Amino acid sequence: MGFEKFGRKSYTAQTKVAEFVDKLARGEICATRCVRCRQIYFPPRADCAGCLNSSMEWVKIPERGKLVSYTRVHYAPAGFEADAPYTLALVDFGEVKVFGRLSSAVEESGIKAGLEVKPAVLTTPDGQLTYEFVPV
Amino acid sequence: MPRDVAIIGVGQTKFARNYQGSLREMVFEAFAEALRDAGITAREIGASLVCSAPEYDKQRSPAGLLAEYLGLNPQPTFVLENICASGTTGVRVGYSLIKAGLHDVVAVIGFQKMSEISSAESQERMGRGADIMWEAPFGSMMPAYYAMHAQAHFARYGTTEEDLALIRVKASKYGTLNERAVFRKELTVEQCLSAAVVSSPLKVYDCCANADGASCLILAGAERAKAISARPVWILGLGAASETMSLTGREALDGLRVTRLAAREAYQMAGVNPGDIDVAEVHDCFTIAELMAYEDLGFAEPGKGVELIRDGQTYIGGRIPVNVDGGLLSKGHPIGATGGSQVRTIVLQLRGEAGPMQVPGAEVGLVQNIGGVGIYSNVIILGR
Chain A
1 MGFEKFGRKS
11 YTAQTKVAEF
21 VDKLARGEIC
31 ATRCVRCRQI
41 YFPPRADCAG
51 CLNSSMEWVK
61 IPERGKLVSY
71 TRVHYAPAGF
81 EADAPYTLAL
91 VDFGEVKVFG
101 RLSSAVEESG
111 IKAGLEVKPA
121 VLTTPDGQLT
131 YEFVPV
Chain S
1 MPRDVAIIGV
11 GQTKFARNYQ
21 GSLREMVFEA
31 FAEALRDAGI
41 TAREIGASLV
51 CSAPEYDKQR
61 SPAGLLAEYL
71 GLNPQPTFVL
81 ENICASGTTG
91 VRVGYSLIKA
101 GLHDVVAVIG
111 FQKMSEISSA
121 ESQERMGRGA
131 DIMWEAPFGS
141 MMPAYYAMHA
151 QAHFARYGTT
161 EEDLALIRVK
171 ASKYGTLNER
181 AVFRKELTVE
191 QCLSAAVVSS
201 PLKVYDCCAN
211 ADGASCLILA
221 GAERAKAISA
231 RPVWILGLGA
241 ASETMSLTGR
251 EALDGLRVTR
261 LAAREAYQMA
271 GVNPGDIDVA
281 EVHDCFTIAE
291 LMAYEDLGFA
301 EPGKGVELIR
311 DGQTYIGGRI
321 PVNVDGGLLS
331 KGHPIGATGG
341 SQVRTIVLQL
351 RGEAGPMQVP
361 GAEVGLVQNI
371 GGVGIYSNVI
381 ILGR
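In order, the protein sequences belong to chains A and S.
One point on numbering: in our numbering, the residue at position 101 of the first sequence is 101, and numbering is uninterrupted.
One point on numbering: in our numbering, the residue at position 311 of the second sequence is 311, and numbering is uninterrupted.
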């Protein structure tokens, strides 16, 4: 599957890590790991900047993470107006940090740093594949 | 303390919501003012550096167009881009060209004409100033990123929305004194707190406005500077650093490491400490950015920046006056012109020519200019 299927609105069609989207379709959210130096990367990447190796393997990100920070977006950029308000979040999964949206079901009053969440795959009404964070 | 390169001329247009003229005409205004200020002609300029974020420009390769319109052919010219930090990157490169002996006099020209696209389009383009593969597809944008920094600062240090409002109140007070600023109304804490939320906790008045504008700085080597200018302002220290574009690579969101690194380098080169700075211009694209700058530049310990603004210590007459020209919050933020405008303000301060915004007896000043959400940071220390 092409990477243009990723996210509410993708700006990239071709990438060597497009398999990320196939993994999403199977319900998995993955990082890449350098087979030589074992460095784990999220966002996933095709190349290891540490040892210049381009042989990577897919690894699922951990099941549980903690919210580092968030914001409730009320005024959305062009192309995202229909989604507003939505909550952007950065989550620390220990090995990796992941940027994304917090489930729209969560009230802002219930959000605070340290909130425990799990990642979940989401298919949008127009068939795009993405992920969100859901409180545990 | 090095005194090898000086700023001998400064110019800036009024920053406006919609400049009534073309890009070249707007830049000409700032350029002509800087040349008159320096007392030189275009022929004496060895090279021109054009600072702009090109996603806002209809004109491709504006350096060529501007060199023609400003009478700068056949001297070399090129564009430099570090998004919002482009202008001070121009100063860094201009300094290097002069120190390397390639040119004696360099013009650093910055501009943006943002009124040609809508605000939503502009936010979308700014959002693409972050990782377009992994962050922009979620609907990220600049206010949201800085809002996440604000939430992190709130969570760690107990900072409040009122603290951020105090920063905007200060900016608005000085904006009323600055004839070149786009926003010239005085605001109260209540007005700031009751404004619409853009991206929580940031509200309308926590954010600077897009604007059209141009700035120009004339840099010269020591010998030429002394020969031409009766009041050169010296570049005493320069620091620059970069940070991961993706937030996933940041160690924390309650400050900007990129500024701490750039500041350390600039203080070291200049041989001064944060306590030696008499007046500062920091990159307050959002109120939280100014608060983090207090801490990252060493004006306050981490988490103690709020005490500076609560006690009024960053006003004229305080311990360290910051953004007493109104800052980006009041002046507006024409991306490529901003760094040059910040430097211009400090140059005028050190010459004693800042009028109603003057910090009495200022001798050493500092500029901090950020590109994107803390992707790039330049810190420049200037002295008489």
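Think of the hints as simulated: they come from the structure by calculation, not from any bench.
Keep in mind it's a predicted model, so treat the numbers as computed, not measured.
Any given hint could turn out to be false.
[As the list claims (entries may be wrong)] Label pairs and their computed distance ranges (CB to CB):
| id | chain 1 | residue 1 | chain 2 | residue 2 | range |
| --- | --- | --- | --- | --- | --- |
| 1 | S | Ser118 | A | Gln14 | 42 to 50 Å |
| 2 | A | Trp58 | S | Arg128 | 44 to 52 Å |
| 3 | A | Asp22 | S | Gly271 | 38 to 46 Å |
| 4 | S | Gly249 | A | Gly2 | 50 to 58 Å |
| 5 | A | Val35 | S | Ser61 | 16 to 24 Å |
| 6 | A | Trp58 | S | Ala120 | 49 to 57 Å |
| 7 | A | Val134 | S | Ser118 | 53 to 61 Å |
| 8 | A | Gly2 | S | Arg128 | 16 to 24 Å |
| 9 | A | Gly94 | S | Glu301 | 40 to 48 Å |
| 10 | S | Glu301 | A | Arg64 | 38 to 46 Å |
| 11 | A | Trp58 | S | Gly249 | 47 to 55 Å |
| 12 | S | Arg60 | A | Tyr11 | 17 to 25 Å |
| 13 | A | Gly2 | S | Arg384 | 43 to 51 Å |
| 14 | A | Asp47 | S | Lys99 | 43 to 51 Å |
By construction, the Cβ of each residue, glycine as well, lies at the ideal position given by its N, Cα and C atoms.
Status of the hints after comparison with the structure:
A hinted range of 42 to 50 Å for the beta carbons of Ser118 (chain S) and Gln14 (chain A) is inconsistent with their spacing of about 29 Å. For the pair Trp58 (chain A) and Arg128 (chain S), the supplied restraint of 44 to 52 Å is violated, since their beta-carbon distance comes to about 27 Å. At roughly 57 Å, the beta carbons of Asp22 (chain A) and Gly271 (chain S) sit outside the given window of 38 to 46 Å. About 26 Å separates the C-beta atoms of Gly249 (chain S) and Gly2 (chain A), a value inconsistent with the hinted range of 50 to 58 Å.
For Val35 (chain A) paired with Ser61 (chain S), a C-beta distance near 43 Å fails the hint of 16 to 24 Å. A hinted range of 49 to 57 Å for the beta carbons of Trp58 (chain A) and Ala120 (chain S) is inconsistent with their spacing of about 36 Å. Against the hinted window of 53 to 61 Å, the Cβ-Cβ separation of Val134 (chain A) and Ser118 (chain S) comes to about 34 Å, which falls outside the hint. At about 19 Å, the beta-carbon gap between Gly2 (chain A) and Arg128 (chain S) stays in the expected band of 16 to 24 Å.
Remark: the range hint 40 to 48 Å for Gly94 (chain A) to Glu301 (chain S) is contradicted by a beta-carbon distance near 29 Å. A beta carbon spacing of about 34 Å between Glu301 (chain S) and Arg64 (chain A) contradicts the range 38 to 46 Å that was offered as a hint. Remark: the range hint 47 to 55 Å for Trp58 (chain A) to Gly249 (chain S) is contradicted by a beta-carbon distance near 20 Å. For the pair Arg60 (chain S) and Tyr11 (chain A), the supplied restraint of 17 to 25 Å holds, since their beta-carbon distance comes to about 21 Å.
Range check, Gly2 (chain A) to Arg384 (chain S): about 59 Å between beta-carbon atoms, so the 43 to 51 Å window is missed. A hinted range of 43 to 51 Å is violated for the C-beta pair Asp47 (chain A) and Lys99 (chain S), which are about 35 Å apart.
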